[in-house]
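K.L.:
The lines below spell out each chain.
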Amino acid sequence: MPEQLLFAAEVTLNGLMAGVLYALVALGFVLIYKASGIFNYAQGVMALFAALTLVGIMEGQVPFAHLINVIFGTEIHHFGWEVPALLAIFLTVIVMIIFAWLVNHFVMRHLINQEPIILFMATIGLAYFLEGVGDLMWGSDIKRLEVGLPQGINEFIDEKTFEALGYGFFIDNLDIVATIIAVILVAGLVIFSQYTTQGRALRAVADDHQAALSVGISLNFIWVLVWSIAGFVALVAGMMWGAKSGVQFSLSLIALKALPVLLIGGFTSIPGAIIGGLIIGVGEKLFEFSIGPLIGGATENWFAYVLALVFLCIRPQGLFGDKIIERV
Amino acid sequence: MKKFLATALATALLAGPVAAELKFPSLDYRTGPFAAGGIPFADGYSDYLTLLNERDGGIGGELISNPTCETAYNTEKGVECYEALKEDALVFQPLSTGITYQIIPKASVDQIPIHSMGYGRTSAANGKVFEWVFNYPTNYWNGASIGVKHMLDLNGGDLNGKKVVLLHFNGAYGKEPIPTLEALSAKHGFEFSTLPIDFPGQEQKSQWLKIRRDKPDYVLFWGWGVMNQVAVQEAANIRFPMENFIGIWWSGSENDVLPAGEGANGYKALQFHNVGSDYPVFDDIQKYVVDAGKAAGAGDQVGTVLYNRGVYAAMLAAEAALTAQKIHGTSKITGAMMRDGMEALEITEERMAELGLPNFGPAFSISCENHGGRGPAAISQWDASSKSWSLVTDFVDPDEEVVNALIEADSAAFAAENNIAERCN
Numbered sequence: 001m002p003e004q005l006l007f008a009a010e011v012t013l014n015g016l017m018a019g020v021l022y023a024l025v026a027l028g029f030v031l032i033y034k035a036s037g038i039f040n041y042a043q044g045v046m047a048l049f050a051a052l053t054l055v056g057i058m059e060g061q062v063p064f065a066h067l068i069n070v071i072f073g074t075e076i077h078h079f080g081w082e083v084p085a086l087l088a089i090f091l092t093v094i095v096m097i098i099f100a101w102l103v104n105h106f107v108m109r110h111l112i113n114q115e116p117i118i119l120f121m122a123t124i125g126l127a128y129f130l131e132g133v134g135d136l137m138w139g140s141d142i143k144r145l146e147v148g149l150p151q152g153i154n155e156f157i158d159e160k161t162f163e164a165l166g167y168g169f170f171i172d173n174l175d176i177v178a179t180i181i182a183v184i185l186v187a188g189l190v191i192f193s194q195y196t197t198q199g200r201a202l203r204a205v206a207d208d209h210q211a212a213l214s215v216g217i218s219l220n221f222i223w224v225l226v227w228s229i230a231g232f233v234a235l236v237a238g239m240m241w242g243a244k245s246g247v248q249f250s251l252s253l254i255a256l257k258a259l260p261v262l263l264i265g266g267f268t269s270i271p272g273a274i275i276g277g278l279i280i281g282v283g284e285k286l287f288e289f290s291i292g293p294l295i296g297g298a299t300e301n302w303f304a305y306v307l308a309l310v311f312l313c314i315r316p317q318g319l320f321g322d323k324i325i326e327r328v
Numbered sequence: 001m002k003k004f005l006a007t008a009l010a011t012a013l014l015a016g017p018v019a020a021e022l023k024f025p026s027l028d029y030r031t032g033p034f035a036a037g038g039i040p041f042a043d044g045y046s047d048y049l050t051l052l053n054e055r056d057g058g059i060g061g062e063l064i065s066n067p068t069c070e071t072a073y074n075t076e077k078g079v080e081c082y083e084a085l086k087e088d089a090l091v092f093q094p095l096s097t098g099i100t101y102q103i104i105p106k107a108s109v110d111q112i113p114i115h116s117m118g119y120g121r122t123s124a125a126n127g128k129v130f131e132w133v134f135n136y137p138t139n140y141w142n143g144a145s146i147g148v149k150h151m152l153d154l155n156g157g158d159l160n161g162k163k164v165v166l167l168h169f170n171g172a173y174g175k176e177p178i179p180t181l182e183a184l185s186a187k188h189g190f191e192f193s194t195l196p197i198d199f200p201g202q203e204q205k206s207q208w209l210k211i212r213r214d215k216p217d218y219v220l221f222w223g224w225g226v227m228n229q230v231a232v233q234e235a236a237n238i239r240f241p242m243e244n245f246i247g248i249w250w251s252g253s254e255n256d257v258l259p260a261g262e263g264a265n266g267y268k269a270l271q272f273h274n275v276g277s278d279y280p281v282f283d284d285i286q287k288y289v290v291d292a293g294k295a296a297g298a299g300d301q302v303g304t305v306l307y308n309r310g311v312y313a314a315m316l317a318a319e320a321a322l323t324a325q326k327i328h329g330t331s332k333i334t335g336a337m338m339r340d341g342m343e344a345l346e347i348t349e350e351r352m353a354e355l356g357l358p359n360f361g362p363a364f365s366i367s368c369e370n371h372g373g374r375g376p377a378a379i380s381q382w383d384a385s386s387k388s389w390s391l392v393t394d395f396v397d398p399d400e401e402v403v404n405a406l407i408e409a410d411s412a413a414f415a416a417e418n419n420i421a422e423r424c425n
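Keeping their order, the protein sequence lines are chains A and B. The first sequence: position 278 = 278 (my numbering), numbered continuously. The second sequence: position 34 = 34 (my numbering), numbered continuously.
Hints are supplied without guarantee of correctness; some may be wrong.
Stated by the list, open to error - The list that follows gives simulated cross-link-like pairs (lysine-lysine, DSS-like), each with its CA atoms no further than 30 Å apart:
| id | chain 1 | residue 1 | chain 2 | residue 2 |
| --- | --- | --- | --- | --- |
| 1 | B | Lys387 | B | Lys215 |
| 2 | B | Lys163 | A | Lys160 |
| 3 | B | Lys86 | B | Lys215 |
| 4 | B | Lys128 | B | Lys387 |
| 5 | B | Lys387 | A | Lys160 |
| 6 | B | Lys175 | B | Lys163 |
Simulated from the structure, these hints should not be mistaken for lab results.
Could you put together the complete structure from these sequences and hints?
P.N.:
Below is the structure:
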């Protein structure tokens with residue numbers, strides 16, 4: 001096989017893997033948009049907050065330690081214990097459920113029947129609030145995430161492709177794990193929404209709030225549920241991205257990668273988020289590989305948004321999004 | 001003297017706000033995506049000035065004020081902060097190449113010197129054109145040439161046929177070393193190429209797959225923020241020899257290597273000052289500032305690379321102020337006087353030892369023509385097991401032949417564009 005073709009195949013595979021990571025972020029947006037029509041600007045910050053909380057719990061960090069020390073003149077930073085990863089993940093999920101309840105209780109339920117732009121603005125406020133609280137609670141330093149996720153080149157794939165093709169492909173072990181987790185997550189979400197009572201209720205709310213209310217579905221409960229699931233998805237995304245870069249403020253910027261994915265896949269489709277992620281991942285990597293060197297490189301962010309723009313022009317609702325029909 | 005100062009201070013406090021302080025404003029970034037790098041520098045800068053107040057009663061008998069303004073590393077906010085703090089300011093450390101470029105014209109009008117230490121506009125080293133801007137002790141072009149000198153040392157002085165890649169932030173800061181590296185490539189015969197990374201740099205798979213395919217001998221790295229941590233992790237992932245991966249000083253702090261764990265072992269970075277906390281000045285900072293509850297931050301950054309850089313910047317500012325006081329025979333100096341002090345600054349090893357910083361940085365002197373100093377830097381290397389940086393070379397002088405010619409050309413172009421007549425004649 002010609003060398004350039006091998007390289008292109010390697011780039012495509014890595015693009016697919018990167019796409020899965022983008023899709024993980026996009027999933028959180030889709031869940032909340034589907035259930036409530038809210039574009040949750042805070043989804044990226046939720047990933048940051050969840051990852052910060054996970055590391056903080058694992059390391060036995062005292063939340064708000066700096067604030068406590070300043071107010072009371074104490075010198076406390078750690079509880080002196082470490083929490084195993086699985087238990088810490090479980091505790092973080094509980095924190096995200098509490099967060100979901102707080103968001104619904106103090107923000108969202110007061111905004112029922114408001115214009116979507118009002119709800120969107122509320123999530124912008126929520127994002128800034130959460131950024132500040134995250135910093136205050138766990139500090140601004142970069143934290144290493146040690147939950148046992150494997151990283152580095154997959155030896156097996158490297159060896160086998162070298163034997164077969166004369167060129168060893170690079171696939172990151174972390175990307176493989178992320179793909180497996182994404183598949184499980186999507187399967188779980190599909191099963192939940194199709195085969196459980198709560199899932200059906202969630203779909204009913206997504207279809208029509210008022211009709212769902214009229215048959216006795218609690219909107220408050222559904223919103224807490226969906227924000228909790230989005231919090232869990234944010235935790236998974238935060239863990240995957242945090243393993244690559246350490247847990248730090250920049251994790252909140254991963255939302256930037258989710259926007260073109262949503263525009264392509266549609267805001268209301270879970271499979272759309274996955275397909276959109278894969279299209280963006282492969283597209284941007286192949287473009288950077290083939291055209292990038294001719295125009296100075298660093299084309300990935302640019303390409304993702306240009307591709308999304310093209311899709312918007314051709315199919316505004318995205319590949320799998322619901323077609324918007326407004327009667328006048 | 002101390003009694004007199006104490007009485008004077010008490011009287012002044014009773015009388016109302018202190019007006020005659022030496023004002024060293026700080027444009028900090030303790031929030032936002034770059035906070036992890038901004039906090040230690042801001043802590044170091046403020047803590048050293050607090051130390052001077054607490055231990056020495058300020059500079060030349062004048063207390064120091066250090067008002068701060070949060071920029072979040074945002075250029076617009078940085079300019080607003082400059083405007084808010086410029087009254088009576090002695091010197092600004094913009095802490096961002098973007099902010100530096102924006103306030104260069106303003107500072108010239110307001111007659112406030114800018115000290116962009118190891119960042120900003122490289123050709124500002126030419127004091128004949130840039131009257132109000134200083135970038136001592138070194139700059140990006142020097143850094144690039146010292147990186148190449150290190151490669152030459154490792155290859156018996158011959159880089160012919162070697163491949164060098166510049167992996168860089170796709171913006172003004174990251175592109176700064178390109179002209180220097182192109183000139184050095186022509187001089188030493190190495191093959192040079194660039195690989196830009198878009199902000200914020202969390203996804204660098206394309207760049208590292210290319211590095212894996214092309215197998216360059218060395219990768220030079222100009223990154224900042226999350227870009228640094230991801231690059232080090234990706235280099236470890238593809239098993240790039242870390243000793244051949246060399247970052248600029250803004251890509252060489254503990255923050256950049258700790259997330260990658262053992263994988264970061266052997267990564268190198270340029271430094272224009274020494275590393276670690278084994279210096280007498282840190283004992284004083286602990287005693288007079290941290291233990292006294294007067295630290296700017298949590299007091300947990302003392303001795304980290306970027307904290308040391310903040311201390312170094314504050315020390316150089318304080319020494320320039322002291323020089324200005326001597327030149328003008330008054331302790332109450334203005335921004336214009338401060339500029340004179342910066343132009344006459346002389347840092348010797350004896351003085352550094354006196355200040356509790358022996359062997360911390362190279363000796364250098366500044367003049368009307370030379371606002372950049374000699375420009376030496378050293379190579380540091382990360383040891384993942386002890387989680388510490390150490391210098392593995394002495395402070396090395398840059399390739400002045402190449403760098404000075406570029407500075408002359410760039411500053412001449414700036415002077416022509418802005419109709420600036422050369423000074424120092």
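K.L.:
Give a verdict on every hint.
P.N.:
Status of the hints after comparison with the structure:
1. At roughly 28 Å between alpha-carbon atoms, Lys387 of chain B and Lys215 of chain B fall within 30 Å of each other, so this suggested pair holds.
2. Proximity of Lys163 of chain B to Lys160 of chain A is assessed by CA-CA distance (about 29 Å); at most 30 Å being required, the pair is judged to hold.
3. A hinted pair counts as satisfied when its Cα atoms are at most 30 Å apart, and Lys86 of chain B with Lys215 of chain B does not qualify at roughly 49 Å.
4. A hinted pair counts as satisfied when its Cα atoms are at most 30 Å apart, and Lys128 of chain B with Lys387 of chain B does not qualify at roughly 43 Å.
5. Straight-line distance between C-alpha atoms of Lys387 of chain B and Lys160 of chain A comes to about 36 Å, which puts the hinted pair past the 30 Å bound.
6. The straight-line distance between the Cα atoms of Lys175 of chain B and Lys163 of chain B is roughly 19 Å, inside the 30 Å bound, and the hint therefore holds.
In the structure shown, a violation is registered for the earlier hints numbered 3, 4, 5, in ascending order.
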